[in-house]
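Produce the complete structure using the sequences and hints provided.
One line per chain: the protein sequences are A and B, in this order. Each residue of the first sequence is one higher than the one before, counting from 1 in the working numbering. Each residue of the second sequence is one higher than the one before, counting from 1 in the working numbering.
Please keep in mind that the hints were generated in silico from the structure rather than gathered at the bench. Ideal Cβ placement from N, Cα and C applies to all residues, glycine included. Be aware that one or more of the hints could be misleading.
No farther apart than 30 Å at their CA atoms in a straight line, the calculated lysine-lysine pairs in the DSS-like style are these [as the list claims (entries may be wrong)]:
id : chain 1 : residue 1 : chain 2 : residue 2
1  : A       : Lys494    : A       : Lys536
2  : B       : Lys619    : A       : Lys619
3  : B       : Lys366    : B       : Lys494
4  : A       : Lys129    : A       : Lys366
5  : A       : Lys536    : B       : Lys619
6  : B       : Lys284    : B       : Lys366
7  : B       : Lys619    : A       : Lys494
8  : A       : Lys129    : A       : Lys284
9  : A       : Lys619    : B       : Lys284
10 : B       : Lys619    : B       : Lys585
11 : A       : Lys366    : A       : Lys284
12 : B       : Lys585    : B       : Lys366
13 : A       : Lys536    : A       : Lys619
14 : B       : Lys494    : A       : Lys619
15 : A       : Lys366    : A       : Lys585
Only part of the chain A face toward chain B is listed, based on derived beta-carbon distances under 10 Å [what the hints assert, rightly or not]:
id : residue
16 : Thr70
17 : Tyr418
18 : His610
19 : Gly611
20 : Ser618
Number of protein chains: 2
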Amino acid sequence: MASSTQEGTGTAYRQPVIDVAELRRLLDGRYAEVRDLVRTNLAEHAAVLEEAETLSQGEFRERVKDLLVTMAGTGQTGMGFPQEYGGGGDLGASIAAFETLAYGDLSVLVKVGVQFGLFGGAILMLGSKRHHDAYLAHLITGRLLGCFAMTESGHGSNVQALGTVATYDASTDEFVITTPDETSRKDYIGGAGQHAQVAVVFAQLEVHGEGHGVHAFVVPIRRDGSLLPGVRAEDDGLKMGLNGVDNGRLWFDGVRIPRNNLLNRFADVTDDGRYVSSIDNPDKRFFTMLGTLVQGRVCVGGAGINAAKVALTLAVRYAVRRRQFNATSQDEEELLLDYGLHQRRLFPLLAESYALHFAQEQLALKTHDVFSVRTADDEDETARRELESRAAGTKALGTWHATRTIQECREACGGAGYLAANRFTALKADTDVFTTFEGDNHVLLQLVAKGLLTNYASDFEDLDQLGMVRFVAGMALETVIERTAAHKLFEAIKDVLPGGDDEWDQEAGLLDPNYQLAMLRFREEHTLSGVARRLKRGIDEGLNPGEVFSRAQDHVIAAARAHVERLVLEAFVAKAADLPDGDLKVALNLLCDLHALSTIERDRAWFMEHGRLRASRSKAITREINDLCRRIRPLAVDLVDAYGVPPALLRSPDLLT
Amino acid sequence: MASSTQEGTGTAYRQPVIDVAELRRLLDGRYAEVRDLVRTNLAEHAAVLEEAETLSQGEFRERVKDLLVTMAGTGQTGMGFPQEYGGGGDLGASIAAFETLAYGDLSVLVKVGVQFGLFGGAILMLGSKRHHDAYLAHLITGRLLGCFAMTESGHGSNVQALGTVATYDASTDEFVITTPDETSRKDYIGGAGQHAQVAVVFAQLEVHGEGHGVHAFVVPIRRDGSLLPGVRAEDDGLKMGLNGVDNGRLWFDGVRIPRNNLLNRFADVTDDGRYVSSIDNPDKRFFTMLGTLVQGRVCVGGAGINAAKVALTLAVRYAVRRRQFNATSQDEEELLLDYGLHQRRLFPLLAESYALHFAQEQLALKTHDVFSVRTADDEDETARRELESRAAGTKALGTWHATRTIQECREACGGAGYLAANRFTALKADTDVFTTFEGDNHVLLQLVAKGLLTNYASDFEDLDQLGMVRFVAGMALETVIERTAAHKLFEAIKDVLPGGDDEWDQEAGLLDPNYQLAMLRFREEHTLSGVARRLKRGIDEGLNPGEVFSRAQDHVIAAARAHVERLVLEAFVAKAADLPDGDLKVALNLLCDLHALSTIERDRAWFMEHGRLRASRSKAITREINDLCRRIRPLAVDLVDAYGVPPALLRSPDLLT
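Structure follows, in structure tokens:
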């Protein structure tokens, strides 16, 4: 129905034809080979998807652990470690491999993430050569299994406030690790329930009665499957999903470890029992240490985006097979995908998956670059803070995208989507916690906003919410606005639009990417300076800074989201612009337009409230989106096929055959 | 924090104090006793919530079946059946009992719904005395277990198109039931997998080669646990949730049943083999038969609303216990519920749960009234169609509310929300299919729109989508607009607002319920006439009616949603207005205002696009919502406690203690 009536804007419009292999190469990018290795491994072990349902929890955990070791044997999980220890020496490859794992069973993904990302990453990034020598080779092969004991029951996203204590005992040259109360038990720790032999434990370091803040320690917790003295563990039990991962709780009762077990890249206790650190400011030290672990967030965001692709593949393919109700013909029922509403439900999400994919690609390459030039003393602080902010923002948007997309796709597959064999069961249950782990999404967006409001000023990274409010309130408004990069970007772009300073938003064509970007940049700049204004006004009115923050909090989140959405659109526009002329470019431009206009449409109330969208133009955007959906309709199957989800991983006999 | 600063609108404002018992009585309404009976039963068997996790699927199914029989023994499941067969003779009580069951394990709820609502309801509503005598007493006690074989793999929401055939064989005076192809296998049928001895099968009736459309037949399928000859069954296997219900597929290969097994309230085959019916028009007959089963939708909507209350209870109670980050004080971390964003996330959903509760109460009482005056020949057709429409719309909004609310509450409980012991696992997985079963929500909203566009004209209930488009296109626009009840309602209300015809929306106070209702009524009327206009224009331009429908489909859905949202707000406003002056009224008015303004805010782009909201007023609504959230903050715990979810059903050691 859709393809038969291509009226609408341009008369010269010709429906593009997508070369799926070419598009897949574009999506796979620099690490196509790594991605294919993972695809092959996943397809070979596709049975695990069914075993997640048929095995007992205990059996399934063993299966997942064994698969981790098997995958490690192919090299795919060690890409990010130095070659001298058996790794691949390529962080970017490691991120690509992890993202691709999200096409398969997500317990395997998370188990791999815990072992090689969290545990291995902490040893690599926070430790020094002696730790690398002692652990890396063993952990890369999976002979040594570890866990990452950061989160506590009462201190989820507020890591700086955690309660576990590591006291230096000079008499024995050891640290004594203790859990002081129930809110400080380590919780939800993947691997702690059963398999981990070693934990990297985050604890408040105390030396001679003086506190130095959170540091990381290597603590052996099990030998031959039995807990070591002073360590108590409890299984977290059944979870909503990810039941192949043995999450658990840990308590430490005066557990003694040698002084050398402090991961001492940024701080140490010397032979003569003095605390030393290359970073004087304790808050800065804390954030620097945490900053080295940013790949975790990069990886989770990418995994969310790829899990959503599996759902989109299923929903789109089902919708070109399943018919329901007579619509255009009395003889044959209509394909679901030929309904305007069905297109409206799926295609903006499809477009968003592409936009997020390209934003994630940029982020992963940037992460690779920042960490591949590892010169601890000579780092570009601002670049690191920007990377962390970008990782936080992309993780939040990518994982919310996953939750929303998987839900919409399940509903779009009706009752069949509810059967476990059709994959949505696991996709939904397993990804649900992505919005929470590696940082609660709302907390992460606050982090983004803080960076924007303080322009990543390295002196101010220690600011908590109260501090940030006071800091902003103390600045001149102009300074805040001047500091935001968005301002300059917007100035640059609106020069190329017709209509001058005041009318650029009314004269430009809706499909002009400069217009689309200018809209998102205007929103970002305006929201951000609005937040600054509100914070300032609140303080001026004598309100408690905490209350000022609480009242402006939705505004803070909106500013951060506006920022990240702008970055995501920029990534998509840049990718499409880079392509040589041809059908692929035409197709991606359709998708990019759909993404841009959907983003504007979703927030069109804001644009109208702020004088940047007239009612008639707002309605025109809605019409344009419907037109774009009709044009994308004939391309939809190719667009999801290009994700390259191996057929063996789709299962879904009721949806696809 | 919130309660300490009650600035804002009126100066005479005094924080109300809620009497939880009084509010609970208000919520429980006419059927408080029935609800308490179910609460007591649920609490007594609360262990089933844990057994859902610890038992094998097979064991859990048996447990759920046994519980069904146990509950039946208390009378709570038979409230809707005639007293002469051992029932309670009160349909309203039966709905109230079912709704309350949603506080507990939802496999039990659905198993009960299948047996007493779908199977028992079909026997009661579609059968005649001989069927009642044969089956009711047995099914009310649970001695006879049945299933409801309507849905087919290839014909989900399009029941009229189903493929199973029932051919009358005059030579033996039997019907022969046959599954002609794989798309016509019965699928997702609760009870078909294992326990059902009898099925009510919906099939295309053919008599002497002539088709008479879909009719329902009683077909024995198992004896002593073994399938009867010609019946094939397959288990649907593991599902996302509801795994205590044995869903399955059924195929019939020439299964013979006596002529008397046709449920013959509306149509019959006579002794001499003639087809007769009191309703001549086959489409009207079909919709009349289906219409008698409307309680199913009423019940599912109510169950969704109550399941969401469990999630809200957990999230609100967790948020007054859990602290995170320093905000107002350096010494103590802030309670989650004192964060503005947290209030923003939870309170509009809390307000919506109240609004939907009262709308559901109205719907249930109306259902009771319509069906308690059972005079088949003298029914008020329009009242029935309106009831069906209202049931469809409330089911759609109530179940989407459940999906959204449970997800938001899970995220608001962080990692702890992910542990199965904390109930969100089951709540999410079990309710997920509510948006699909008893009619896909989008299909239901189309049904609502069709009723509005045709003013429930009884001659036109046979219209499919194509027919509806043609019908509307053939009417004068004025007629469509005139026909919609919304128009008159809106005219009536805006007279009481200041500002006259043009300015009523700018002069009235935001907290004036007349203003709020006028806004929703204006939107409903405008959207609806807009749809009519679009359909008409499409046909005038010579487009295929199916394509016209497809293109306007999002608009059709929006019109239906606008209608249902108006009804929901009206129910809440009416309930609050009826209360005597006092604290409870003040509290409910806060909540009602929050619900009304949240509804307007969510669609404020539309109101701006249509000239009914200026930018400044739109921003004022957002500010007002934030104010209302702060005022509701001190009431929040009482508001969820008044739901009366028995503590034994909350579980959640990590959230509540």
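Now for the hints, and whether the structure bears them out:
A threshold of 30 Å between alpha carbons decides the hint, and for A:Lys494 with A:Lys536 the separation of about 29 Å falls inside it, so the pair holds. Distance restraint check for B:Lys619 and A:Lys619: the Cα-Cα separation of roughly 20 Å lies within the 30 Å cut-off, and the hinted pair is therefore satisfied. At roughly 27 Å between alpha-carbon atoms, B:Lys366 and B:Lys494 fall within 30 Å of each other, so this suggested pair holds. Among the hinted pairs, A:Lys129 with A:Lys366 is consistent with the structure: their alpha-carbon atoms are about 25 Å apart, no more than 30 Å.
Only pairs whose Cα atoms come within 30 Å are accepted, and A:Lys536 paired with B:Lys619 is accepted, the gap being roughly 19 Å. At most 30 Å may separate the alpha-carbon atoms for a hinted pair to count; B:Lys284 and B:Lys366 meet this at roughly 22 Å. Straight-line distance between C-alpha atoms of B:Lys619 and A:Lys494 comes to about 26 Å, which keeps the hinted pair within the 30 Å bound. Taken as a hint, the A:Lys129 and A:Lys284 pair is honoured in the structure, with Cα atoms around 23 Å apart against an allowance of 30 Å.
A distance of roughly 39 Å separates the Cα atoms of A:Lys619 and B:Lys284; the hinted pair therefore is violated under the 30 Å criterion. For the given pair, B:Lys619 sits about 27 Å from B:Lys585 by alpha-carbon distance, which is consistent with the 30 Å threshold. Between the alpha carbons of A:Lys366 and A:Lys284 the distance comes to roughly 22 Å, so the proposed pair stays at or under 30 Å and holds. For the suggested pair B:Lys585 and B:Lys366, the alpha carbons sit about 25 Å apart, so the restraint of at most 30 Å is met.
Using a Cα cut-off of 30 Å, the hinted pair A:Lys536 and A:Lys619 is violated, with the two alpha carbons roughly 36 Å apart. At roughly 26 Å between alpha-carbon atoms, B:Lys494 and A:Lys619 fall within 30 Å of each other, so this suggested pair holds. Our distance criterion of 30 Å between C-alpha atoms is met by A:Lys366 and A:Lys585, whose separation comes to about 24 Å. Because the beta carbon of A:Thr70 sits about 25 Å from the nearest beta carbon in chain B, more than 10 Å, this interface hint is broken.
The restraint placing A:Tyr418 at the interface with chain B holds, with a minimum CB-CB distance near 5 Å, inside the 10 Å limit. A least Cβ separation of about 7 Å between A:His610 and chain B falls short of the 10 Å threshold, and the interface hint therefore holds. Because the closest C-beta pair between A:Gly611 and chain B is about 7 Å apart, less than 10 Å, the hint holds. Evaluation of the A:Ser618 hint against chain B yields a held restraint, the C-beta minimum of about 5 Å falling below 10 Å.
When the structure is compared with the earlier hints, violations turn up for hints 9, 13 and 16 and for no others.
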